[in-house]
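J.: Sequence:
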Amino acid sequence: MANDWRSLIHLEPRAGWLNDPNGLCCFGGKYHVYFQFSPDSPSGAGRKCWGHFESSDDMKSFDYTGIVFEPDIPEDRSGVYSGCAVIHEGKMHIFYTGNVKLPGDYDYITAGREANQIHVVSSDGIHMGAKNIILRNSDYPKEMSCHVRDPKVWIEDGKWKMVLGARTLDDEGGILFYEANDPDDWHFVRFLTRKDFGYMWECPDLFDVEGKWFLGLSPQGVPHEEYKFQNVYSAGYFRYEDEDLKGEFEEFDMGFDFYAPQTFIDKNGDRLLIGWMGIGDIPYTNKTTELGWQHCLTLPRRLSVAPDGALLQTPVVDYNGGWGSLSDDAPEFPYAVKAEVSEGASFELSIGGAKISYSDNVAMLSFEDESGAGRTVRKAVINGLKDITVIADKSSLEIFYNGGRYVMSTRFYPDTQRPVIRAKGIDLFIRSINKTEVRGFE
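Take the position in the sequence shown, starting the count at 1, then add 630; the result is the number in the numbering used here.
I should point out that these hints are in silico values taken from the structure, not numbers from a laboratory. It should be emphasised that the depicted structure is a prediction, and the values quoted were computed from it without experimental measurement. Please note: incorrect hints may appear among the correct ones.
Between beta-carbon pairs, the in silico distance windows are [claimed, not checked]:
(1) 766 / 976: 18 to 26 Å
(2) 645 / 972: 31 to 39 Å
(3) 910 / 1059: 35 to 43 Å
(4) 919 / 1069: 36 to 44 Å
(5) 1070 / 809: 37 to 45 Å
(6) 756 / 815: 37 to 45 Å
(7) 953 / 815: 39 to 47 Å
(8) 910 / 1062: 32 to 40 Å
(9) 972 / 811: 30 to 38 Å
Even for Gly, the Cβ is constructed at its ideal location relative to N, Cα and C.
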């Protein structure tokens, strides 16, 4: 059937709405992927919960274990919002924001909202202990608005540390730093911002890769440009040195569908990233909504440091066989296509109605038909493109340029399960990908 857009290698709900990945970790010999989940509606209405996938075999198959958090206490009654997991002394410590919207005539920015940070301990990642409130509005600096959320916690030199995304009463986005000797007893350390860079910084993530530190975040309110910040909201990172932000903000992904990423360490000690392949408040649509579900997560991406100090993202996929020449027959999803690009060359690559092109140091992703469901054009300046790899699933494309130095992700909805691949100016090679088994759905 033409509208069979169920993902084959991307995690998505069987029904309802998925957004931010949360609590990503390796614990008890398994990988745990939590996600914000509205099970009652594909449009995000109803309960705001956490769903849970787990994998014991290098993320080649997953079990959906169900909803692990529901809004069931006064301090999270309007929603279980984003958070993280920390493994310590054989236990999983989960931290998340409990959202509360008080009844009344409020703007819910300066008044009427509670942002409660909550700590929960689990012995297996599925069965959760009591919800303990560790920070309330009164624990934030007085210049903060009611928008403080998305704790990311880690342990460094024996001390618990936390960053929270925030919005000030002057509509300035930034990060709140907290520290603790005990994960239930935190104290404020400092506020970090960069002038005139958005009104709210969501989903902060302070992490290291190969000994270098980065601050990942999803800022809202950054002015749009032709080649940068093209989406409603952006997601990227600053380099972080000497407790300060360095250099320019780099976007993780310049495609149509990417937001709220979170990183974690895999069993080999590598830093991986998973993002939400979606964004809130988009002017385009997702055709799976009419079938009862919406959104998926990106593939895990292994992070490394590029020669210029930026991050490289390499997709973690389970390939089947080696690279071969592309035949005239349209391939079956899922698959990867790749090409080497000669210096100064231009090319066009189409998968169904999705068109990927490069000319005059500008890469473009655009749609030539309704498969984009309202998506138009995204651009990126790439001086000296050398290679491209595209990971194609039934309703998504993840495009990696120059070994993952630049990335574009998008949902797409072709009118056939085997859209034709066409290329001009490059020689393509193709490789099949094993499907990801997801068990546990009714």
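J.: What hint numbers does the structure not satisfy?
T.: 1, 2, 4, 6, 7, 9
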